[in-house]
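Visitor: What follows is the residue order along each chain.
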Amino acid sequence: MNVLELHYDVPGDDFTRAGEASSAIKNKLKQMGISPNVIRNVAIATYEGEINMVIHANGGTIDVAIDSDAVTLLLKDTGDGIPDVELAMREGYTTAKEEIRALGFGAGMGLPNMKKYTDEFELTSEVGKGTEVKMKVYLNK
Amino acid sequence: MVMKIMTIGDIVKLLECEVLCCADRLDSEVHTACGSDMMSDVLAFVKDQAVLLTGLLNPQVVRTAEMMDIICIVFVRGKKPDTAVVELAAQKNIAILSTGNRMFEACGRLYESGLRGGLSANTSGGDNAEGGS
Ligand SMILES: Nc1ncnc2c1ncn2[C@@H]1O[C@H](COP(=O)(O)OP(=O)(O)O)[C@@H](O)[C@H]1O
Ligand SMILES: [Mg+2]
Chain A
1 MNVLELHYDV PGDDFTRAGE ASSAIKNKLK QMGISPNVIR NVAIATYEGE
51 INMVIHANGG TIDVAIDSDA VTLLLKDTGD GIPDVELAMR EGYTTAKEEI
101 RALGFGAGMG LPNMKKYTDE FELTSEVGKG TEVKMKVYLN K
Chain B
1001 MVMKIMTIGD IVKLLECEVL CCADRLDSEV HTACGSDMMS DVLAFVKDQA
1051 VLLTGLLNPQ VVRTAEMMDI ICIVFVRGKK PDTAVVELAA QKNIAILSTG
1101 NRMFEACGRL YESGLRGGLS ANTSGGDNAE GGS
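Protein sequence lines, in the order shown, are assigned to chains A and B.
Numbering (the numbering used here) for the first sequence: 1 to 141.
Numbering (the numbering used here) for the second sequence: 1001 to 1133.
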């Protein structure tokens, strides 16, 4: 299989559209005949990441690369960044405001879910510059 | 009465639901259920062929359902999402039901009829879809 690369822009100003990129990625993987387990894990990871870019940054980009070994996901934003990554990674930790919680998000499970459902997870963030999350889901487990 | 295999149509009867879209899916089997207003919990715990019961009405409920291959959403307390949300669900082939029951009552009735949560399956890592159909 050759490497297939996909690029998506995630708009930061429209919560109702959050998830469109993840939906498109999911459909693409389905068309390619990727296994349902892999698709599910990629879907959770991209969707949580996409929601984070919308509610905690001002949107961003998602790059997907699919080769014979893995689906590689790179999520980038130029938001405020995360001051304490270790704290942000804890289950239940959130800085989301009440109005976000009223929409069903801000349970502080996003980053833990992303780590849990991927085989490789690497988060780098710089305050004032932005956040980058690189994840891999292996195709053959 | 405990049912062996539950379908979306059975849920319609048990919870006296109005069917807002995908009436052609009433014969689809439902294996597990999840009642939640927190979408991250849904993303963390849901298993295959699930129904989601929720009091939230925004489009992210449908998107979350799509990510988890949830086949049916039941809006509790007589709530009905607006047409854009119903249309999004129709596009994704997710049945939308609305029941007058409250969350507790609705979950209780389904549980009583044999439907279970499937919560335990995901506690050990990223193998959530393991054993899925
Ligand atoms: N892309 C991001 N930009 C800035 N802050 C972020 C980003 N992603 C996550 N965070 C921070 O990490 C916290 C935990 O994130 P997460 O586990 O997804 O939970 P939640 O989104 O429910 O708050 C967030 O509340 C926020 O403070
Ligand atoms: Mg989050």
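To be clear, the hints were calculated from the coordinates, so they are not data collected in a lab.
Honestly, I wouldn't trust all of these hints.
Examples of chain B residues toward chain A, derived with CB under 7 Å [said to hold, decoys possible]:
#1 Lys1013
#2 Leu1020
#3 Ser1040
#4 Gly1055
#5 Leu1056
#6 Leu1057
#7 Asn1058
#8 Pro1059
#9 Met1067
#10 Glu1105
Covered, in the sense of this in silico footprint (three residues per stretch, anywhere, with C-beta under 8 Å from a C-beta of chain B), are these stretches of chain A [said to hold, decoys possible]:
#11 35 to 45
#12 77 to 84
#13 95 to 105
From the derived model, a few chain B residues whose C-beta atoms are all more than 12 Å from chain A [as the list claims (entries may be wrong)]:
#14 Glu1029
#15 His1031
#16 Ala1084
#17 Val1085
By construction, the Cβ of each residue, glycine as well, lies at the ideal position given by its N, Cα and C atoms.
Visitor: Decide, hint by hint, whether the structure agrees.
Guide: Against the structure, the hints come out as follows:
1. Lys1013: violated, 28 Å
2. Leu1020: violated, 19 Å
3. Ser1040: holds, 4 Å
4. Gly1055: violated, 10 Å
5. Leu1056: This hint holds: leucine 1056/B lies near chain A, its Cβ roughly 5 Å from the closest one there, short of 7 Å.
6. Leu1057: violated, 10 Å
7. Asn1058: holds, 6 Å
8. Pro1059: Holds: closest Cβ of chain A sits about 5 Å from proline 1059/B, inside 7 Å.
9. Met1067: At about 4 Å, which falls below the 7 Å cut-off, the nearest Cβ of chain A leaves the hint on methionine 1067/B intact, so it holds.
10. Glu1105: violated, 21 Å
11. 35 to 45: Three-residue rule met by the segment 35 to 45 of chain A, so holds; n is 6.
12. 77 to 84: violated (count 0)
13. 95 to 105: This one holds; 3 residues, not fewer than the three required, reach chain B with a Cβ under 8 Å.
14. Glu1029: holds, 16 Å
15. His1031: holds, 14 Å
16. Ala1084: Label violated. Min Cβ-Cβ 8 Å, cutoff 12 Å.
17. Val1085: violated, 9 Å
In terms of the numbered hints stated before, the structure departs from hints 1, 2, 4, 6, 10, 12, 16 and 17, listed from lowest to highest.
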